[in-house]
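Spelled out, the chains give:
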Amino acid sequence: MSALFLAAANLRFHWARTLVLVVAAALVLAVPVLTRTLLAQGEAQLTARANATPLLLGTRGSRLDLVMAGAYFTDDLPEPTTMAASEAVWDSGLGIPVPLHTAFTTGGARIVGTTLDYFDLRALDVAEGRGFALLGEAVLGSAAAARLGAGPGDTVLSDPENLFDLDGAYPLEMDVVGVLAPTGTPDDEAAFVDIKTAWVIAGIGHGHDDIVAEGEDLSAAAARAVQFARITPENIDSFHFHGDPATYPVTAVLVAPYDERSATILRGRYLDAEGPVQAVVPRDVVDALVARLLRIASLVDAVTVVVGLAAALALGLALFLTWRLRAPEMRTAFALGAGKGTIARLALAEVGLVLLAALALASPIVIILMRNADTVAARLIALGS
Amino acid sequence: MIRATLAALLLAAPAAAQNRPVIVADSYPVAYFAGRLAGDAAEVRLAVPEGRDPASWRPGLAEIVEIQAADLIVLNGSGLSDWTTRAALPRARTVDTGRGLEGDLIATDTITHSHGAEGSHSHEGVATHTWLDLGLASRQAEALAPALARAVPGADVEGALAALLSDLSALDAAWDGLVDGEPVPVIVSHPRYEYLGAAYGLDVSALDWAAGAVPDADQLAALGALAAETGARVLVWEAEPPDAARAAVAALGLAQAVVPSLAVPPVQGDFAAAMQAGLTDLQAALSDAVR
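Taken in order, these protein sequences are the chains called A and B.
First residue of the first sequence? That's 1 in the numbering used here, and the numbers climb one at a time after it.
First residue of the second sequence? That's 1 in the numbering used here, and the numbers climb one at a time after it.
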């Protein structure tokens with residue numbers, strides 16, 4: 001008891017040194033646990049999402065980019081394919097296509113232009129408000145709503161793509177009509193709109209007043225044309241689209257085949273390496289990615305062990321040097337009758353107290369992160385490249 | 001297994017709330033086809049309120065939400081229900097019966113306008129009453145059948161489709177016999193009959209008279225001028241006109257017939273009966289005109 005008292009008094013007296021030792025030890029203890037937890041959660045989420053995404057179609061190119069953009073809404077955007085790819089699946093009668101347009105963001109949250117089928121496919125529930133019904137309406141994922149501080153009745157503005165591209169996409173102010181219940185998936189981080197709304201942001205569809213007066217030169221009328229930046233009940237009927245809908249862009253097409261046989265036939269249709277569209281089974285791509293992650297995790301484990309050993313040696317050295325500095329003090333204690341055992345107990349008590357304090361500091365950090373590991377992992381996955 | 005579950009989830013999402021699947025159609029002809037194919041196994045509803053023209057009707061938010069909840073949404077397509085381009089509908093539960101008809105659509109007026117840095121551009125309009133060509137109507141029914149079979153598993157869609165196609169084919173054959181040889185000029189009270197004319201040998205010139213109203217002197221003068229210009233001896237009404245209107249047109253020496261455009265349910269009978277009645281009336285009018 002006296003050893004503990006003396007050790008605690010000494011640590012308290014040298015509080016700055018003690019604090020450094022405690023923080024260093026806490027980090028050495030917490031970091032491997034945090035890394036492992038996040039990796040495990042990330043792997044679980046990647047795999048679960050991939051399993052819930054039977055098939056993705058997109059422009060032939062990077063399979064990983066297609067999966068990350070189509071299933072996880074990351075920034076890795078593949079070259080867009082067209083609605084023709086989606087309609088081809090519909091016409092085949094082999095599955096249900098769900099087009100996804102993920103090229104835009106609002107306040108950093110990915111705008112996912114899709115059809116109502118997406119909500120059925122992912123079994124997403126609207127926790128507040130309602131689903132989108134009209135052009136210009138948005139439904140926010142739970143995390144996106146919290147981050148943007150927006151809910152039903154508020155508006156969100158699409159982020160401009162390029163401030164210097166005067167002919168590019170104009171920001172569109174969208175009415176938030178609903179917020180989804182949290183799912184622990186990338187859906188939490190997204191803002192969902194009807195795919196036609198995404199095409200309005202892309203400039204394929206637009207609304208404006210009838211501006212050409214009878215007998216007026218078209219170029220003169222064009223000069224004073226102002227497109228609507230918000231879709232309202234008053235102007236919604238003026239919104240229209242140009243060109244063949246089959247040529248409208250989509251980032252990816254999520255396909256839910258009717259059965260295993262349909263899935264096999266569908267995959268077979270996109271095997272031609274010369275074809276513009278590829279079919280990717282996200283589970284295959286993610287399995288390969290997770291295998292790579294696990295190899296990296298093993299390396300991280302080995303590095304952690306080495307770093308941990310180095311940190312332990314550094315801590316040991318720090319304690320040893322401290323005891324060297326305290327040699328006169330120990331000699332005095334020895335002269336007063338304290339045996340070698342008492343001095344050893346004193347040293348062990350100090351080490352024990354430092355480790356206990358480090359554990360006390362590391363534990364809440366680890367607990368808090370483990371409780372929020374799904375959210376943190378989802379956010380990290382959504383960050384993409 | 002997962003794939004089948006997901007697909008089933010998509011198709012069955014709204015069905016859990018009711019016993020009989022609900023089919024919502026945007027116009028009467030496709031509602032009629034859906035009713036024939038589904039029989040008693042589904043409840044078929046017309047989205048458009050009674051007395052409203054599907055081509056000009058705009059649903060409110062509550063109506064869109066109700067349509068979204070249907071087990072199957074049947075659209076005529078071909079630009080009839082313009083509101084569908086601005087509303088969110090579940091694609092898995094929506095069937096556009098006009099898909100595949102693109103090469104057979106008849107272009108109407110082209111609207112050109114201009115805005116922004118894009119310069120001018122055009123909206124090419126297409127005639128929307130595709131079902132008045134019964135060959136196209138048959139293809140619309142065929143396009144509807146697979147989606148309906150998925151949405152209403154209890155219906156004998158295959159058998160019902162065969163019967164419907166047989167009826168439509170018989171009607172088509174009857175209409176084919178209306179005109180023998182060169183197209184016959186006729187004037188119609190509304191611009192709805194492009195497909196009817198193209199399919200059955202009628203050279204159609206259209207007025208745009210208000211339904212149920214008696215034409216004024218200017219309208220009658222325009223009708224007389226159009227008849228003289230085209231050589232038409234028959235006026236086709238979309239619905240039974242007031243007696244005064246019929247008398248005024250008769251005074252111009254024109255024979256008259258009522259051929260409902262059928263975007264909305266006919267006053268009597270169903271689609272097939274109304275098409276048959278319209279044919280009979282038009283045959284009589286053409287005979288009168290020859291005399």
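Heads up, a few of these hints could be off.
From the derived model, a few chain B residues whose C-beta atoms are all more than 10 Å from chain A [what the hints assert, rightly or not]: (1) ASP53; (2) PRO90; (3) ALA92; (4) GLY159; (5) SER166; (6) ASP203; (7) ALA248; (8) GLN276.
Per the computed footprint, the stretches of chain B lying under chain A, defined by three or more beta-carbons under 8 Å from a beta-carbon of chain A, are [stated by the list, open to error]: (9) 60–67; (10) 78–89.
Footprint (simulated), chain B over chain A, 3 or more residues, beta carbon under 8 Å [stated by the list, open to error]: (11) 112–122; (12) 126–137; (13) 357–366.
It should be emphasised that the hints constitute simulated quantities derived from the structure, not laboratory data.
Backbone N, C-alpha and C fix where the C-beta goes; we use that ideal spot for every residue, glycine too.
For a quick check of understanding: which of the numbered hints are violated here, in increasing order? Hints 2, 3, 13 contradicted; others consistent.
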